[in-house]
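We have chain A already, so just place chain B on it with the hints.
Chains as they are written, first to last, in the numbering used here: chain A, 1 to 201; chain B, 1001 to 1201.
For the record, the hints were derived by calculation from the structure and aren't laboratory data.
Treat each hint with caution, since some may be false.
Said to hold, decoys possible - Away from chain A, derived, C-beta distances all over 10 Å, residues of chain B:
{"hint": "1", "residue": "R1033"}
{"hint": "2", "residue": "G1103"}
{"hint": "3", "residue": "L1196"}
What the hints assert, rightly or not - Covered stretches of chain B, going by a simulated chain A footprint (3 or more residues, C-beta under 8 Å):
{"hint": "4", "stretch": "1048–1054"}
{"hint": "5", "stretch": "1067–1073"}
{"hint": "6", "stretch": "1162–1176"}
{"hint": "7", "stretch": "1181–1195"}
To be verified - Heads up, simulated DSSO-like pairs for lysine-lysine below, C-alpha to C-alpha not over 30 Å straight-line:
{"hint": "8", "chain 1": "A", "residue 1": "K51", "chain 2": "A", "residue 2": "K155"}
{"hint": "9", "chain 1": "A", "residue 1": "K159", "chain 2": "A", "residue 2": "K51"}
{"hint": "10", "chain 1": "B", "residue 1": "K1051", "chain 2": "A", "residue 2": "K51"}
{"hint": "11", "chain 1": "B", "residue 1": "K1159", "chain 2": "B", "residue 2": "K1051"}
{"hint": "12", "chain 1": "B", "residue 1": "K1159", "chain 2": "A", "residue 2": "K51"}
{"hint": "13", "chain 1": "A", "residue 1": "K159", "chain 2": "B", "residue 2": "K1159"}
{"hint": "14", "chain 1": "B", "residue 1": "K1051", "chain 2": "B", "residue 2": "K1155"}
Only a predicted model underlies this, so the values are computations on that prediction, with no experimental measurement involved.
Glycine included, C-beta positions come from ideal geometry on N, C-alpha and C.
There are 2 protein chains.
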Amino acid sequence: MERALDFWFDFSSPYSYIASEWVGALAARHGRRVRWHAILLGVTFQAAELKSPVSHPLKREYSLRDFPRSARCEGLPYCMPAVFPQPTQNAARIFWWLHDTRGSEAAEAWAHAGLRAVFTRGITLSEPQALRALAQAEGLDADACERVWNDPQWKARLKQANDEAIAAGVFGAPFFVVDGEPFWGNDRKPQIERWLASGPF
Amino acid sequence: MERALDFWFDFSSPYSYIASEWVGALAARHGRRVRWHAILLGVTFQAAELKSPVSHPLKREYSLRDFPRSARCEGLPYCMPAVFPQPTQNAARIFWWLHDTRGSEAAEAWAHAGLRAVFTRGITLSEPQALRALAQAEGLDADACERVWNDPQWKARLKQANDEAIAAGVFGAPFFVVDGEPFWGNDRKPQIERWLASGPF
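One chain only, chain A, in its complex shape:
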C-alpha cells in the first residue's frame, strides 16, 4: 500500500485552497497518497494563541495582496469571498460524514468542491441555502447534508478531528506531516517536494 502524507485544511483558508490544488499531484508523482483532514482553524488558532492574518494591522493588507498573488503563482483562479474568514463547521461535518460513510475519495471530492466554491466563486458556506445548493450540485442529498451538520454525531466527529490536529502539532493550515516531519503553509511546497524526492534533509 502506498504510504500516505497527512494534509490538514480549513474550507475558509486561502492557502489551503491553493495547496489543495497541488497536493494530490505532488504526492502521486512520488508514489504517495494524501490523507485529507478538514479542521476548524479557529480551534487551532485558539490552542496556539493565534489570530487570522487579516485580524492584524499591516499584515491584513499584505495578506489580502498575497492570497491572489500566491494563487497566480500556481496558475489558479482566485476570488476573495464576500465573507472572510467564514465559519466552516457545516461543510467540515459533511466532509467527515462522507469520509466515514462513503470513503476518502468522496470526502476529497467534497473538499475540492467546497474550497473551489469559496475561492473561485466567492460563496459563503456558512449560509445554509448556499451549502445546500453546493451539496446538490455535487450529487448529494441536501436534506441529508443538513441533517448531518445538525447531528451531534458529526459535530463530535469534527471535534475529534480538531483535537487530533492539535495533538499532531497543527496550529495553522495548510499543514502537512510527511513521515513524521511537519510542514506548515502553502509556501513549504518546495521543502515537501524535496523530502518526497530524496528523503530527510
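Leaving out everything else, chain B in the frame of chain A:
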C-alpha cells in the same frame, strides 16, 4: 544606476539570516542592488499586534524545527543562538552609523557579520563584550561602536528606520519591496525571483 530593492532585517531573525545570504546574489543576477534596512522586529510586531513565532504554543516547536531545516535548504550552516530572541538595538545602531558615515557597503558587511555571529556561532549581540569583540574582529573601533550605541543621535536614527518600515507596511522580517510590491518571508524567494525575472504577475 541599477534599480534597488528594499530588504528589511532584524539581527535576531533566523529567516532574515537565511535571506541575507541569498538576497544579494539574487538581486545581482537581475541587475538590481539591495538597500539593506536594520530594524527591530519587536517594534513592527507591536504595530501589527504580533508576537514572535516562538511565543506561541505549538508554533514554537514547529518554528524551532523549521529554522534549521530552512537553512539547510539553502545549504547554510545554522545554530540556534543561546539567547533567542535577543535585543539587537545596539547592533542595529552600529549598522545605521556605518551606513550614514561610511556608506551602504560597510553597513552591509556589518549586517552579514552580525547575522552570521548570531546564527552560525550562537553569539549574543546584546552582551556588550560580545558586541565589542565582534566589532573589533570586523576592523571597527570597539570604543567608537560603544559610544555609537549609547548616542541619542544613533538611537534616533534606528527609531527613524523602524518608523519608515512601519510606514512601508513592514510587520515582520525578512521583508522586501520590489518596484512597490511587498514580499514577506524567506519563503517568498521564488516569487521575488519570478518578479525580477519577468515583472509583475
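Hint check:
1. The Cβ of R1033(B) lies farther than 10 Å from every Cβ of chain A, with a closest approach of about 24 Å, so its non-interface assignment holds.
2. At roughly 30 Å from the closest C-beta of chain A, the C-beta of G1103(B) stays outside 10 Å, upholding its exclusion from the interface.
3. Annotated as non-interface, L1196(B) keeps its C-beta farther than 10 Å from every C-beta of chain A; the closest such distance is 14 Å.
4. Counting residues of the stretch 1048–1054 of chain B whose CB falls under 8 Å from any CB of chain A gives 3; the rule of at least 3 is met.
5. Figure legend: the stretch 1067–1073 of chain B, annotated as covered by chain A; annotation consistent (4 residues with Cβ-Cβ distances under 8 Å, at least 3 required).
6. Restraint check on the stretch 1162–1176 of chain B versus chain A: 5 residues with Cβ-Cβ distances below 8 Å, three needed, restraint holds.
7. For a cut-off of 8 Å, the count of residues in the stretch 1181–1195 of chain B with a CB near a CB of chain A stands at 8, and the three-residue condition holds.
8. Of the pairs offered as hints, the one joining K51(A) and K155(A) holds, with about 23 Å between alpha carbons and a cut-off of 30 Å not exceeded.
9. Only pairs whose Cα atoms come within 30 Å are accepted, and K159(A) paired with K51(A) is accepted, the gap being roughly 19 Å.
10. Of the pairs offered as hints, the one joining K1051(B) and K51(A) holds, with about 11 Å between alpha carbons and a cut-off of 30 Å not exceeded.
11. For the suggested pair K1159(B) and K1051(B), the alpha carbons sit about 19 Å apart, so the restraint of at most 30 Å is met.
12. At most 30 Å may separate the alpha-carbon atoms for a hinted pair to count; K1159(B) and K51(A) meet this at roughly 28 Å.
13. A distance of roughly 46 Å separates the Cα atoms of K159(A) and K1159(B); the hinted pair therefore is violated under the 30 Å criterion.
14. Proximity of K1051(B) to K1155(B) is assessed by CA-CA distance (about 23 Å); at most 30 Å being required, the pair is judged to hold.
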